Each structure stands twice: as structure tokens, then as C-alpha cells.
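**Q** Here is what each chain is made of, one letter per residue.
2 protein chains.
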Amino acid sequence: MLDVCLLGTGGMMPLPNRWLTSLMTRYNGSNLLIDCGEGTQITIRQQGWSFKSIDIICFTHYHGDHIGGLPGLLLTIGNSDRKEPITLIGPKGLERIVKGLRVIAPELPFELKFIEIKDEYSCFNIKGYEIEAYKLNHNVICYGYNINIKRQGKFLVEKAKELDLPMKYWNILQKGENVIHDGKEYDPSSVLGPPRKGIKLTYCTDSRPVKNIETYARNADLFICEGMYGDEEKVNKANEYKHMTFEEAATLAVKAKVNELWLTHFSPSLVRPKDSLQVATKIFKNSKVGKDRMAKTLKFDE
Amino acid sequence: MLDVCLLGTGGMMPLPNRWLTSLMTRYNGSNLLIDCGEGTQITIRQQGWSFKSIDIICFTHYHGDHIGGLPGLLLTIGNSDRKEPITLIGPKGLERIVKGLRVIAPELPFELKFIEIKDEYSCFNIKGYEIEAYKLNHNVICYGYNINIKRQGKFLVEKAKELDLPMKYWNILQKGENVIHDGKEYDPSSVLGPPRKGIKLTYCTDSRPVKNIETYARNADLFICEGMYGDEEKVNKANEYKHMTFEEAATLAVKAKVNELWLTHFSPSLVRPKDSLQVATKIFKNSKVGKDRMAKTLKFDE
Numbered sequence: 001m002l003d004v005c006l007l008g009t010g011g012m013m014p015l016p017n018r019w020l021t022s023l024m025t026r027y028n029g030s031n032l033l034i035d036c037g038e039g040t041q042i043t044i045r046q047q048g049w050s051f052k053s054i055d056i057i058c059f060t061h062y063h064g065d066h067i068g069g070l071p072g073l074l075l076t077i078g079n080s081d082r083k084e085p086i087t088l089i090g091p092k093g094l095e096r097i098v099k100g101l102r103v104i105a106p107e108l109p110f111e112l113k114f115i116e117i118k119d120e121y122s123c124f125n126i127k128g129y130e131i132e133a134y135k136l137n138h139n140v141i142c143y144g145y146n147i148n149i150k151r152q153g154k155f156l157v158e159k160a161k162e163l164d165l166p167m168k169y170w171n172i173l174q175k176g177e178n179v180i181h182d183g184k185e186y187d188p189s190s191v192l193g194p195p196r197k198g199i200k201l202t203y204c205t206d207s208r209p210v211k212n213i214e215t216y217a218r219n220a221d222l223f224i225c226e227g228m229y230g231d232e233e234k235v236n237k238a239n240e241y242k243h244m245t246f247e248e249a250a251t252l253a254v255k256a257k258v259n260e261l262w263l264t265h266f267s268p269s270l271v272r273p274k275d276s277l278q279v280a281t282k283i284f285k286n287s288k289v290g291k292d293r294m295a296k297t298l299k300f301d302e
Numbered sequence: 001m002l003d004v005c006l007l008g009t010g011g012m013m014p015l016p017n018r019w020l021t022s023l024m025t026r027y028n029g030s031n032l033l034i035d036c037g038e039g040t041q042i043t044i045r046q047q048g049w050s051f052k053s054i055d056i057i058c059f060t061h062y063h064g065d066h067i068g069g070l071p072g073l074l075l076t077i078g079n080s081d082r083k084e085p086i087t088l089i090g091p092k093g094l095e096r097i098v099k100g101l102r103v104i105a106p107e108l109p110f111e112l113k114f115i116e117i118k119d120e121y122s123c124f125n126i127k128g129y130e131i132e133a134y135k136l137n138h139n140v141i142c143y144g145y146n147i148n149i150k151r152q153g154k155f156l157v158e159k160a161k162e163l164d165l166p167m168k169y170w171n172i173l174q175k176g177e178n179v180i181h182d183g184k185e186y187d188p189s190s191v192l193g194p195p196r197k198g199i200k201l202t203y204c205t206d207s208r209p210v211k212n213i214e215t216y217a218r219n220a221d222l223f224i225c226e227g228m229y230g231d232e233e234k235v236n237k238a239n240e241y242k243h244m245t246f247e248e249a250a251t252l253a254v255k256a257k258v259n260e261l262w263l264t265h266f267s268p269s270l271v272r273p274k275d276s277l278q279v280a281t282k283i284f285k286n287s288k289v290g291k292d293r294m295a296k297t298l299k300f301d302e
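Protein sequence lines, in the order shown, are assigned to chains C and D.
Our numbering applies: residue 1 is where the first sequence begins, and numbers increase by one.
Our numbering applies: residue 1 is where the second sequence begins, and numbers increase by one.
It cannot be assumed that every hint is accurate.
Which copy is meant is left open, because identical chains are indistinguishable; a pair holds if it fits in one copy or across any two.
Listed next, the in silico DSSO-like pairs over lysine-lysine satisfying Cα-Cα at most 27 Å (straight line) [claimed, not checked]:
hint: 1; residue 1: 52; residue 2: 83
hint: 2; residue 1: 83; residue 2: 237
hint: 3; residue 1: 99; residue 2: 113
hint: 4; residue 1: 274; residue 2: 161
Hint data in this document are derived by calculation from the structure and do not stem from the laboratory.
All of these numbers come straight from a predicted model, not from anything done at the bench.
Work the whole structure out from these sequences, hints included.
**A** Below is the structure:
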């Protein structure tokens, strides 16, 4: 299962009661963060999730409201006694941007590993997370992310018995490793059923509603999408600044056949995003207006 | 008169209910900020003071908790429609540090002017503020600041009449400019009494309690001083990390004969700084434990 927390829901600038849009997940003892605007470390602390377990930080793009909190966060992680490396993933320029910001966090007790995304689509497997990145359409290079937790097939006891494999090997095969028994090598597929549906979380901000989102968000259990403007009359503004309205986000949710939509990244001018919820629900029923520290545990199907 | 607001009172890292230590003043339509850690723009917004009027930002030193909020703040000031330059003052390295941080705020609608302090003591006059900077003793180069509002002497009507100066010149002389009347030049001193006591605000963080503070805080109306640790038993820690205890700050207040002391820059481990107030008051009676957005208007003597 995957714990998901929308740490903040604000776009552009942090507000007294609305932190900047950022997402944190927990899976199998490993924490992953997407974006890290000014104040993100405070909302992580409010949520009570671990700094020390942050293994991966993904960036959608490098506007200040998505990365300004990085140096402070790194210093705080450093104070949490972490020694293991942290992997940073983001569009081209990542190392240069982080180097600039680290002028105030030059010494850290852990290494930073950089993965700069260059292609339209990339996929990484780290700490049990399958991370898919794909291009969005903003006024700078920007990527959306899928966080997938794969689920292997059921362990077939009958098959293992049939092959005469001793029980001491069962767990090894279940963990995905090969075993050698009686001079013959067995791989996990010999005792596992077909892969089962895993968990799929999709996170898209900042962008216009493009085909890539429809494609990559397909069948997501949870689709977290920007909705900078609630009011459909602001579609011209959304067009100009390369953002989305609630209506556009909800339309994407329908097209991608997702299970649930959380709207986020609200304009500071959108004082009560909840008042615009029905703009989304009339298009896609299972729409929710995100709020700071809204959390959910996504589970494997029974 | 000078409005003073202690925007935050935390040291090291921002906490959910304790922003990082920063000071804002307002005088004659001009705002001055000392230090700008992560989240400073949020507490300014909570206080409701203007972003657009920030003319000067002073930095004590470049640890993350004192400057991490700068790029976000500059972006927000940019969104406030400011076009006039902003003067930044700080220890050597200012331009390099700000250049690094501006990797995420490369385009601003106003110019930044840099003043790098090189000497033990420097004094600047900007927008009606007299700003004195003097070296403290921290584990990096660090400066304390005095913000002085000078007050000229009383206008002596009798003197002006005696000199036969027409009333149209009175206001000009009061504003500090010379006038020529009947071929003779008069400077303000010819119609003004001796300078009167102005307003003096002293701000010292981060530092050990050094002689410079005692010297430059002398007779301050308000002395805002770091008190990283409430408990006197932490004096060894204060020594190691180059900070102060409440007792040390209060002792400085006595030595410098200030009028009032506000303690700030509390360690995250100091959960209830107020519980340690009497450690300070038993040494210096007019001690107060700072809290976020504690404000006061310092007035000229009647």
C-alpha cells in the first residue's frame, strides 16, 4: 500500500493557511517527495512524516514555488541524522539549479544523486517505486509524474510443489530472485501467477491539459492535477499562463478514466476553492478539492 | 516614530508555529527588513505590512535560516508591482550568495543594489534610516545592526524672526536645506536648536555576548537579542555553537543600559521560551520573550 499526502495546495506563493503544492508518499519505509516550495518542510513536520526517510525528490519544473524550499529541507534532513544518498530527479538543469540554491546549504552529511530527464518520457525504478516522467505543457520545461507500485503475481503453492521446490526457496522466489535446486535454475515466474494490478498515482502540475496527461494518467487510482482557476471564465488566463481550470482538469479525469481526482495548485486569487467544486463534479463525479495535508492510503485490490 | 515587528522568533529551522527570526520596520513609508529565512514572506503577509514598500534588506549572515526565504520574497515583491530598486546590505559574499539563490528568481521588475560590509563597523544612511553595522562573534562572519532615526533640533521661531527670515523659508530650513535670503545663505543650524534624542533599535543575532554588542547597543530604546537557550545549563552548547543563553542576553542589556530587551532566535529544542522568562528578568527587569509578530511603535520623546 502507498500512503499519499498532498502537503500543500497553493500556487505561485505560500499563503498563511495554504502551503505550496507538494506531494509526499510513503512506501515500504521509503519516502518520496514531488516538488518542494518554500515552507514544505513545515507542512511535512505538521503532517509528522519522517524527514530522514526521504529517499527521492522529484521536481516538475524550477519555478520558485516548486523548489524554493529545497535548501532548507536539505538542511533539516541533515539534522535528522541521515547519511544515505538522496536521489533528485527533474528536467534538464537540475544540477545547476541545485548548485545555485546550495550556496546556503553547502555542507550536507549525505550525497545528492542527480537524474536529469532529457526525453519526452522516462522511467526509473528506485526503492520499490516505479517513477514515470512525461512532458507537460507549461511556459518552461515541465514534467508530470506517475508513481507506480507494481504487484507481482500470486505465489502458486501448487506449482512450487509440482516442481518439488523445497519451502526454503519459496520466499526467495517471491522476492524476485532466482534459485538453483538440484542443478536447475528457477526464476520467479515459474511459481508466480501473472502480475496483478498495482497502485498508480498520477501527479500533474503545472500544465495546460495536454494529450500526454490523458495518455499517462490512464486508469490512475488517484489523479492529482492542477486547477489554478475555479472559474471557467478564467480560461483565457489559464491559456496565457499555461495553467488549467477546474473544468479542464475534470475533463482530463474523464478522458483518462481515473478513479479519483484531487485538484490542487490554486491561484492566490482563488480564496475558497471549495466553492468551485461543482464545476469539476458535474464533469467528473469523484472530484475533490485538495486541501493542505489531505492524505489517503492507496491499497492493492483484494 | 518607528514601527517595529519581530516577524519570527525561531532559530535553525521554521516550525509550524514559530517562523524564523526576522525583523521588519516601517518609517516614513519605507520598510526595512533584517534577515529573511524560509517563510518570512508568509509572516509579513500575516502581519499585513507592505511588500511593495520594502526598500532595504539587511543580512546578519548567510546561514540558511537567515536568508533562505529571499528568492520567494523577491518574487512576491515583484508581484506587488514594485519597480524601484531594493538595497541589500550584508557581510562580504552578499552578491555571490544572492546570485546563487536567484537561479530560481532570475527575472525581477526591479534592480538590486548591493552593499557588502567589509569593516568592523560601517554606517549607511538610506531612506531616513541610519543603519549601523558592527561585527558579532558567530561561527561565520556576522553583523549586528542598529536602526537609528535621527531627530533634529527644535525649530526656533524667535531665532527665525530675529534673522528676519520670511516664513516661506522656514519649512525648507526645517527639512535640512539651505536658503538664500537678501544675498545671504542660511543653513538649518541657524534656526534649529541642538539635535534631540532620536530612536534607537538594536538587533543582534547570531552571536556570543561580545563587547561590540555592549558598545553599540548602548542606550537603545529596544534591544532585540538572540537567546538560543533559556536554560543556563546550556551555556556550553551556546559556547560551542556561538549563541547566547537568556542570562547572557539579559546581562548585555544591563551593561548596555538599554530600555527594553526582546529575546528571540530560540532553539527548536526550547519548546516554551516563556517558561524561561524569569532567567532574564531577574537580571534585567524589562526583558520580554519575543513571539511571532510581536510589534511596537517606538516614538520620539515628548
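**Q** For this structure, which hints from the list above don't hold up?
**A** 4
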